[in-house]
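Q: Okay, here's what each chain looks like letter by letter:
Protein chains: 2
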Amino acid sequence: MSVIYDRVALIGLGLIAGSMAHAMREHGLAAEITGYARSAATRETARDIGLCTVFDSAAEAVAGADLVVLAVPVGAMGEVMAEIAPHLAPGATITDVGSVKQSVIDAVAPHVPPGVHFIPGHPLAGTEHSGPRAGFATLFRNRWWLLTPLPDADPDAIARLDRLITAMGAKTDRMEAGHHDLVLAVTSHAPHLIAYTMVGVADHLRRVTDEEVIQYSAAGFRDFTRIAASDPTMWRDVFLHNREATLDILGRFTEELFVLQRAIRMGDGQHLHDYFTRTRAIRRGIIEAGQDTGAPDFGRTPQAKPVT
Amino acid sequence: MSVIYDRVALIGLGLIAGSMAHAMREHGLAAEITGYARSAATRETARDIGLCTVFDSAAEAVAGADLVVLAVPVGAMGEVMAEIAPHLAPGATITDVGSVKQSVIDAVAPHVPPGVHFIPGHPLAGTEHSGPRAGFATLFRNRWWLLTPLPDADPDAIARLDRLITAMGAKTDRMEAGHHDLVLAVTSHAPHLIAYTMVGVADHLRRVTDEEVIQYSAAGFRDFTRIAASDPTMWRDVFLHNREATLDILGRFTEELFVLQRAIRMGDGQHLHDYFTRTRAIRRGIIEAGQDTGAPDFGRTPQAKPVT
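Those protein sequences? They're chains A and B, same order as listed. Heads up: the first sequence runs through residues 1 to 308, numbered per my numbering. Heads up: the second sequence runs through residues 1001 to 1308, numbered per my numbering.
No wet-lab data here; the hints were simulated from the structure. Computed from a predicted model, the values in this text were never measured in an experiment. Positions of the beta carbon are idealized from the N, C-alpha and C atoms, including for glycine. Worth double-checking, as some hints may not be accurate.
Simulated restraints, written as ranges between beta carbons of each label pair [unchecked claim]:
hint: 1; chain 1: A; residue 1: Gly-299; chain 2: B; residue 2: Gly-1290; range: 42 to 52 Å
hint: 2; chain 1: A; residue 1: Glu-255; chain 2: B; residue 2: His-1179; range: 43 to 53 Å
hint: 3; chain 1: B; residue 1: Ala-1041; chain 2: A; residue 2: Asp-106; range: 54 to 64 Å
hint: 4; chain 1: B; residue 1: Gly-1290; chain 2: A; residue 2: Gly-50; range: 49 to 59 Å
hint: 5; chain 1: A; residue 1: His-204; chain 2: B; residue 2: Glu-1083; range: 40 to 50 Å
hint: 6; chain 1: A; residue 1: Ile-49; chain 2: B; residue 2: His-1179; range: 19 to 29 Å
hint: 7; chain 1: A; residue 1: Thr-254; chain 2: B; residue 2: His-1273; range: 37 to 47 Å
hint: 8; chain 1: B; residue 1: Ala-1159; chain 2: A; residue 2: Ser-39; range: 37 to 47 Å
hint: 9; chain 1: B; residue 1: Ala-1109; chain 2: A; residue 2: Ala-281; range: 55 to 65 Å
hint: 10; chain 1: A; residue 1: Asp-268; chain 2: B; residue 2: Met-1266; range: 28 to 38 Å
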């Protein structure tokens, strides 16, 4: 494939930015990749693994870039944007990879200089690992990457960013920012908070059950622990910045849970059986949509061995 | 390996019994394997795939067996035991594979004839698939199989069953039945009900978001749908028969969830960050205990393709 941007600046060097660097290099999509991270240790790691040309200031990293990617926790987006704004090249495109879109738009858009294109985005991709070493080139393959451009966004700038994302293996779609935040509250934010909560409950009980909760976790619980191992700073910011939608979905969740708890207490087996039959159908829909493997147990090997 | 039982009768021919048949045959652990399922269609399928010698009555299947495995939903255990009791060979061992132990003991033990050994058990193994075609020989490999023998159980009978389980690749441990039910309420029963609930909430919202919940499920939600695709009858029975422990854990869960919801509403980022840091440590414990893969995203391949 051919070069789409001459110089791409990655602000924040975690799992997503790291994976973008690998994917862009593998497919030759950027002539030069620069980067900056606030933490000196992260910059050092990124240099060690040759992730990109790492600068010690965001201003230097974005100088002359025709694409700047904000890949920091959503709570830090506005501050970072204010810092880099005076140093942006005319005609540059700014995008972000935050999991919440309306609050990022509110924080970033006021700082965007005239002539610079701001196109908010969100790759639905990630793992429970974080940091520059966690990135890999195929992270985005066959995954959705949602764009939530503002009504007056430049169509050519959107099309160019779209080409980059598609060339990294992802599928793009466009959505209004508020709608994005509602959909993601259902598919991601509420499930993450619920997983964190269940793991927290088990953590309390671990002390009374003498580690049996860890030892016998394969019966379902361990799947929650994977989700609840995600980056704490990123997720703190997601919940604080998509507050209303997340609390709305959690409210619906608690109502449903109470109805099911009552069915258990009352011995209403028919209600439980009907409910569990409906939820089974959703799984089929997800596999048919190509959004997960149909292999039993995610295709995990029977011998789960420690990885060191 | 050498034959451990001359004739093993499997009552119920689902995922667990099917996997036992494959594992016992692969390792030559039973001279003969017989089976029975209440549903004629299940018996037909089991015959088609040559799972074992399938009989049209439980009485015929257990005749002459030195090991009988009750592999039916926990709510059906007592009835099945009453039906087969008159046909059991003297000295035979009865075990079960139910996910709840105290209620199975209460239902089964009164029907056990003198001279027959009853040793309740629970393999912590399974997938979201069910039925005789879902079984495979390696299901139990490196998984725990808990035994909850009564105080007066025959040590030789326990040791022999233990040898069979170990030879199928599992690790055994012994536990008091009530304690088992509490531990499993944390590691399995409450997480399953929570996953069912979250998927139910998404099912309602699917209609207002035009299938976007399915399309964008890879952001976390899809892991819940795997758990919520488990067999509805089996799980209805688990909740009804481990009612007190499950409701206790769900009560603790709701308390924790409310505290986290309040932290989101109040903007208490420090509380959220501390909580999410603690839960991350639990994941590390599970991987170090060899109970899950440390590969990112369970080692799922980036291209999740529909399986037909």
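Q: Are the hints correct? Go through all of them and say.
A: Hint check results:
no., hint, verdict
1, Gly-299(A) to Gly-1290(B): 42 to 52 Å, "violated (18 Å)"
2, Glu-255(A) to His-1179(B): 43 to 53 Å, "violated (32 Å)"
3, Ala-1041(B) to Asp-106(A): 54 to 64 Å, "holds (58 Å)"
4, Gly-1290(B) to Gly-50(A): 49 to 59 Å, "violated (33 Å)"
5, His-204(A) to Glu-1083(B): 40 to 50 Å, "holds (43 Å)"
6, Ile-49(A) to His-1179(B): 19 to 29 Å, "violated (47 Å)"
7, Thr-254(A) to His-1273(B): 37 to 47 Å, "violated (23 Å)"
8, Ala-1159(B) to Ser-39(A): 37 to 47 Å, "violated (57 Å)"
9, Ala-1109(B) to Ala-281(A): 55 to 65 Å, "violated (38 Å)"
10, Asp-268(A) to Met-1266(B): 28 to 38 Å, "holds (36 Å)"
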